[in-house]
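Enquirer: Now for the letters of each chain:
There are 4 protein chains.
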Amino acid sequence: MINPVIKIECDDQKGIIANISTELFQADLNLVNNQEFVDPVSKRFFMRTEIEGEFQPETILKSLEAKLPEGAAVELILPRKKKILLLVTKEAHCLGDLLIRCSHDEMNAEIVAVISNHNSLKDLVDKFNTPFHFASHQDLSREEHEKVISEIIGRYDCDLIVLAKYMRILSEAFTLKYKGKLINIHHSFLPAFVGANPYRQAYERGVKIIGATSHFVTSALDEGPIIAQDVMHVEHHHSAKSLALAGKDIEKAVLARALNLALEDRVFINGNKTVIFDG
Amino acid sequence: MINPVIKIECDDQKGIIANISTELFQADLNLVNNQEFVDPVSKRFFMRTEIEGEFQPETILKSLEAKLPEGAAVELILPRKKKILLLVTKEAHCLGDLLIRCSHDEMNAEIVAVISNHNSLKDLVDKFNTPFHFASHQDLSREEHEKVISEIIGRYDCDLIVLAKYMRILSEAFTLKYKGKLINIHHSFLPAFVGANPYRQAYERGVKIIGATSHFVTSALDEGPIIAQDVMHVEHHHSAKSLALAGKDIEKAVLARALNLALEDRVFINGNKTVIFDG
Amino acid sequence: MINPVIKIECDDQKGIIANISTELFQADLNLVNNQEFVDPVSKRFFMRTEIEGEFQPETILKSLEAKLPEGAAVELILPRKKKILLLVTKEAHCLGDLLIRCSHDEMNAEIVAVISNHNSLKDLVDKFNTPFHFASHQDLSREEHEKVISEIIGRYDCDLIVLAKYMRILSEAFTLKYKGKLINIHHSFLPAFVGANPYRQAYERGVKIIGATSHFVTSALDEGPIIAQDVMHVEHHHSAKSLALAGKDIEKAVLARALNLALEDRVFINGNKTVIFDG
Amino acid sequence: MINPVIKIECDDQKGIIANISTELFQADLNLVNNQEFVDPVSKRFFMRTEIEGEFQPETILKSLEAKLPEGAAVELILPRKKKILLLVTKEAHCLGDLLIRCSHDEMNAEIVAVISNHNSLKDLVDKFNTPFHFASHQDLSREEHEKVISEIIGRYDCDLIVLAKYMRILSEAFTLKYKGKLINIHHSFLPAFVGANPYRQAYERGVKIIGATSHFVTSALDEGPIIAQDVMHVEHHHSAKSLALAGKDIEKAVLARALNLALEDRVFINGNKTVIFDG
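Heads up: the protein sequence lines correspond to chains A, B, C and D, in order. Be aware that the first sequence starts at 1, since it is given in our numbering, and climbs by one per residue. Be aware that the second sequence starts at 1, since it is given in our numbering, and climbs by one per residue. Be aware that the third sequence starts at 1, since it is given in our numbering, and climbs by one per residue. Be aware that the fourth sequence starts at 1, since it is given in our numbering, and climbs by one per residue.
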């Protein structure tokens, strides 16, 4: 059902596709779904291809690297259930949605652990026989708190760390340590309403649409590369509170969509943007 | 936060609103959110109003009824957590979504019980300390099976019965017995793809959008009054199977939306249609 | 087909609806579509009702005003084709869309004139036998230029002034002079990307959705009460230029939607927000 | 800005991409945007690639054909404004939208002529200095009428024939004659509401969403390969007539979107479906 995926990223030059596809053809592999994009500004080349056939991963990787420009990043990802670790605070909707999906084969991932700076979601996580770690930030500096969290993360082998409504700002050091692995859901249509209380901001502004944004986390608050966004229409009778309640549906849908894209290896980081091959 | 709601439905005639609002004013009540609609074809009058103030429900009801045309239906609904009972088969996404919402104050309802014709969702329901009833249809006629289900339903006091991906066709007798209380989620954008395997049908037709429809159940399969619908864009690379997986997100979102409208007493049945005051 | 509309806005108090509806009932009028909203923060009451029956407008207005709190604003709007005047700069898409709609009974309005600070759209406007006024801003101060425009506007009797991609900032004096009559279309999902070159800003940020916003114009740039917004999904391959081209479809659709709401007297200004009765 | 495009369609086999990309590399061409898809059921291979560099079209075509399986279809499309011919009946919204777009560089096409079975849109077409042909169907059999239309079409060299709300059913012979060149806009979300009066059907059914579908025309009414679809939410207060008016906005937007995809050579017909590379 699911095929192995090759992801390649490098500076563009003529003949890259010919080199790659010839190499794969000589290895007797079939390319069944293939997309390339060259950023016309950065002149960066991105490729995602699904392959069929029998192969030795290391041999393929080695032969591809030999044909690519220096500094090329090549990945060959075999189909497997990826491991994700969740950071949460108090809200249950994104966490609950991911627990249901992952425990019922609706998302191709395993939740290896949940870390929270509060204890209120422990009951929910326990129901799904998933390790829950309470890491309070009380009386700790940001560095001390993140050290605790990092230590817990270090116990697990995980592909992605998902901020499923984790309401603490992360230090630059932390975001750098897990660069490219941290995916956040922000409860607004970025770049509108950066920061705290976006639904209150939306209410005050009288917008007719609210949204949510899932993005990679970088050191700049709410400014990392965007993976997915969506919106819903709202009306004058919504209060800030009812906006926040309604918005939960968009938040969990957008986070799940972004995660699925990442879990299927469809997402490249391109500077402060993403390239997404969803075809 | 939530106000009492008055719902009125009757044949239209001049002065209805004057009579109602004068009556409520004399009872010292304030109308804070009020919507009326007259169906220009059926000449039927629909009204939903939220009231503020102190009152004796029975007195209000009696005095309103005295001012309305014969045959008028008046309801005065006090704010309370409504009780819902779920019928499911094997799929977890709608059930799981409702379990999370109802256990975390994201939906103003209590799930009093879950009935299934299979046993596979028992584990999930057990996690939430909710009664699960396995009512197999094996070796039973439709009538016999529905008798079992009705008997279980009879043990509970419930406001709505939600077919949260219950994959059996219901008899006319059953739909009549619970008329106006049965809400279904159908996995297509009705009236496209009535009946079985709508995602297979959608795949064969090559549509660029799939959808879901939540409706009241009547004896005519998939033809009851529609409460909510939504859609998502899909592409040529989707298989029937991946359409079905993607569609689960729309199904659970549409069902939750329809349920919220019903739980907030915003929905009237108007022949084979609905009138929805979502303002 | 279209009924007379009564719009009322005043401070909330008990009995308003009873007073209004009794008054209308005594005038032998039927209310066929009626919506009320009380802003829970400002305690402001808004009502829109469609009436059927025979009446003397002035008598009705007078009797309603007598029953309402001091300072109430009451309007009784008889069905008629409203007059709109357009301000444009160089882009044809919104202008063309409105010209087609208004000349083919798709929008219930007459375009009485088009004013532009450039001459390039004259050909298009001439095709539709509509007065075109070229009012260059060359060598004029903002005040001088707006004086020219005001003078032209003064020659026409118009209900609304539509900034259909008019790319000049208006002075506070100008916005105050036409307060409540100026409707703008901004080429972003406000409050994201205020000001110039929103598509360039959207491209730089790497958003996955672009949008448009139609709002009343106030002295604060892009901060007036929002009437309508919509969005569309975009992808990594879009350049700033192709975003701008794609966005034109949203711009013209959102502007038309906002205008239709205003032309049907469904919009109230509520401080910096709008109340819209679209039911 | 716009690059030449190569479209290839053939039975899938290993090495196709290697062969094609090697051939193009040897011709010193750069592939800047490249997408491939293999239909897992039909085992059909589809490829669209944008190329940069200097080349002799015939040489490239010949060398590509030599490397592809027998029966492969290869096209090399140089950037140019394509020619479209419109068939219309009485409604102005799609026609007007296309006239504005094509005359203001918002769509990369030239409208070479408009044919109508009524005379009422002549005025609008004349404004844009476009040939208008009145071809009445009065007193003619379907064959005779289509003969007249075919004769007019024959006078023009056109890439696509667009049924921009042409309300006559076409014969099988006619659809076969212009196979792959006929694009229709149907005023419903197909396959819901096939045939006449879809808005009346939608009203009767009480749907909460209406839509439009643009598709290639085949001999089976409303059953050709779908290119684009979209929808909008509607409410209980809509009449069949107001649904039809609101739906015009979706119709023209969906038709323009489908046309743009076709004009940019992004659409392949795959049996009764389409493959669309919109990346």
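Calculated directly from the structure, the hints in this document are not laboratory data. Among these hints, one or two may not hold up.
Put simply, identical chains are the same to the list, so a pair is met inside one copy or across any two.
[Said to hold, decoys possible] Straight-line C-alpha distance at most 30 Å; calculated DSS-like pairs for lysine-lysine: (1) K7 / K248; (2) K122 / K67; (3) K14 / K241; (4) K241 / K81; (5) K7 / K147.
Enquirer: If a hint holds in the structure, say so; if it does not, say that too.
Expert: Hints and how they fare:
1. With identical chains, the CA atoms of K7 and K248 are at most 30 Å apart between copies only, with a shortest distance of 28 Å across copies and 33 Å within one.
2. In the homo-oligomer, the alpha carbons of K122 and K67 never lie at most 30 Å apart, since the shortest distance is 50 Å inside one protomer and 54 Å across protomers.
3. In this homomeric assembly, K14 and K241 come within 30 Å of each other (Cα to Cα) only across copies, at 26 Å, whereas the closest approach inside a single copy is 55 Å.
4. For the identical chains of this complex, K241 and K81 are inter-copy neighbours only, at 18 Å across copies versus 37 Å inside a copy, given an alpha-carbon limit of 30 Å.
5. Within a single copy, K7 and K147 get their C-alpha atoms no closer than 32 Å, and across copies no closer than 54 Å, so neither meets the 30 Å cut-off.
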